[in-house]
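Going down the list, the sequences are from chains A and B. Residues in the first sequence are numbered from 8 upward in steps of one, following my numbering. Residues in the second sequence are numbered from 393 upward in steps of one, following my numbering.
None of these hints come from the bench; they were simulated from the model. Glycine included, every Cβ here is placed at the ideal spot set by N, Cα and C. You may find that some hints are simply not true.
Computed beta-carbon distance windows for the label pairs [claimed, not checked]:
| hint | chain 1 | residue 1 | chain 2 | residue 2 | range |
| --- | --- | --- | --- | --- | --- |
| 1 | A | Val123 | B | Pro439 | 33 to 41 Å |
| 2 | B | Ser411 | A | Glu18 | 56 to 64 Å |
| 3 | A | Gly13 | B | Gly506 | 42 to 50 Å |
| 4 | B | Val501 | A | Met9 | 46 to 54 Å |
| 5 | A | Ile34 | B | Val478 | 52 to 60 Å |
| 6 | A | Gly223 | B | Leu441 | 57 to 65 Å |
| 7 | B | Ala420 | A | Leu106 | 17 to 25 Å |
| 8 | B | Ala440 | A | Glu18 | 36 to 44 Å |
| 9 | A | Ile59 | B | Pro406 | 40 to 48 Å |
| 10 | A | Lys150 | B | Pro406 | 52 to 60 Å |
| 11 | A | His94 | B | Ala419 | 23 to 31 Å |
| 12 | B | Val512 | A | Lys150 | 55 to 63 Å |
| 13 | A | Arg32 | B | Ala440 | 43 to 51 Å |
Derived contacts from chain A toward chain B, CB cut-off under 7 Å, selection only [to be verified]:
| hint | residue |
| --- | --- |
| 14 | Ile55 |
| 15 | Ile56 |
| 16 | Asp74 |
| 17 | Ser75 |
| 18 | Phe78 |
| 19 | Val83 |
| 20 | Ser84 |
| 21 | Ala85 |
| 22 | Leu88 |
| 23 | Ile89 |
Here's a subset of chain A near chain B, in silico, CB distances under 10 Å, partners left out [unchecked claim]:
| hint | residue |
| --- | --- |
| 24 | Asn53 |
| 25 | Val66 |
| 26 | His71 |
| 27 | Gly82 |
| 28 | Gly86 |
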Amino acid sequence: MMNRIGDWLDERLGWRKAWEAIFLRKIPKVNWLYTLGSATLFVALNQIITGILLTVYYVPTPDHAYDSVQFITTGVSAGWLIRGLHHWGASAMVILTVLHMLRVVFTGGYKFPREVTWITGVALLLIVLGFGFTGYLLPWDQKAFWATIVGTRIAGVAPGVGSTILRALRGGEELSAVTLARFYGAHVWMLPAALIALVGFHLYLIVRLGISAAPGRED
Amino acid sequence: MADSASHPESDSSPVPRRSFLGLAVWAAGGMIAAVYAIPGVAYLMGPALQKAKAEEWIPLGPVSKVEPGVPTLFRADVRRQTGWIVNDEQLTVYVLTDDGRSYIALSNVCTHLGCRVRWVEGEQLFFCPCHNGVFGKQGQVVSGPPPRPLDPYPVKVEAGQLYIQAA
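Isolated chain A, as found in the complex:
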């Protein structure tokens, strides 16, 4: 029965070819460090699922943000789990992305013909850091508030354009309701859109080019 449905769909979609290209492709002899990218992708899926769930109760305004987060943590079934997964997943995301990048650097995986994969990967690292920076403000507690004061000030010391960057980040001179709303918008719409588009491209290139082999003694 399942086979017949599979055949019916394959005739129309050609999904078996796509499945083979993605999951049954040949890979060179590599080691466990070559799974760091997949691990990052898995944590990214965790962030997407738990993040979508958190938006069901979270309200990004100064008078509700803190209370709604407390409500998620203590008032909703499994809310502590969903928030905890998102919180720890955020740290894991940054760590895994950096480790993945180091693996690519040390094994020379960025070389021809994979330069574009590398460039999209660097952009993805910046996006992940953007997620961390914008998400940190959202609980709207003391730590969130002062970390963002400091973070935006750091952006503000850039020569020449610093004060413009600071005002663009905060949406004005002060850290305010405007800042919280725009960080939320960046965190749940702009950055996810960029992330999904670039991850899709990154994965397309991996499927198209295959992964690099672990360098041998002569390399």
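Take the given structure of chain A and dock chain B to it, following the hints.
This is chain B only, laid out in the frame that chain A set:
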């Protein structure tokens, strides 16, 4: 095993290694999916499945305000918590007595789709503005779409004060 030497791909095991590993991957994936799906559903449904708070007696006002034979409007202040927000809300109740001894208290919420009904003295009827539901003085349905009479509250009188029981 002597047999496996002559047949490297022996058929002696009922499940070949390749399909066993494939199955194991699917099983692990299924378990991971369940780890997300089960708390996810609990998380989404949690507030919907929460039981209503215990009912308590809410003071309405002096019983002397009620004229026999006339549904009299009372407003009671109640504090309600929804999610993380505590709101002060008003319950609106019509209290009716015929003999000054037994009282009925009717909710002003139309039983059709929840609009608020209004007592019209000239017609001696409750009217709902939304879909022309009409109720009689005792809350019974007179015409229109309401499926049942206006909801009564349990009511009591203590030391000249009216109380209703509500959540």
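- Message: Which constraints among the numbered hints does this structure fail? Numbers only, ascending.
- Response: Per hint list: 1, 2, 14 violated.
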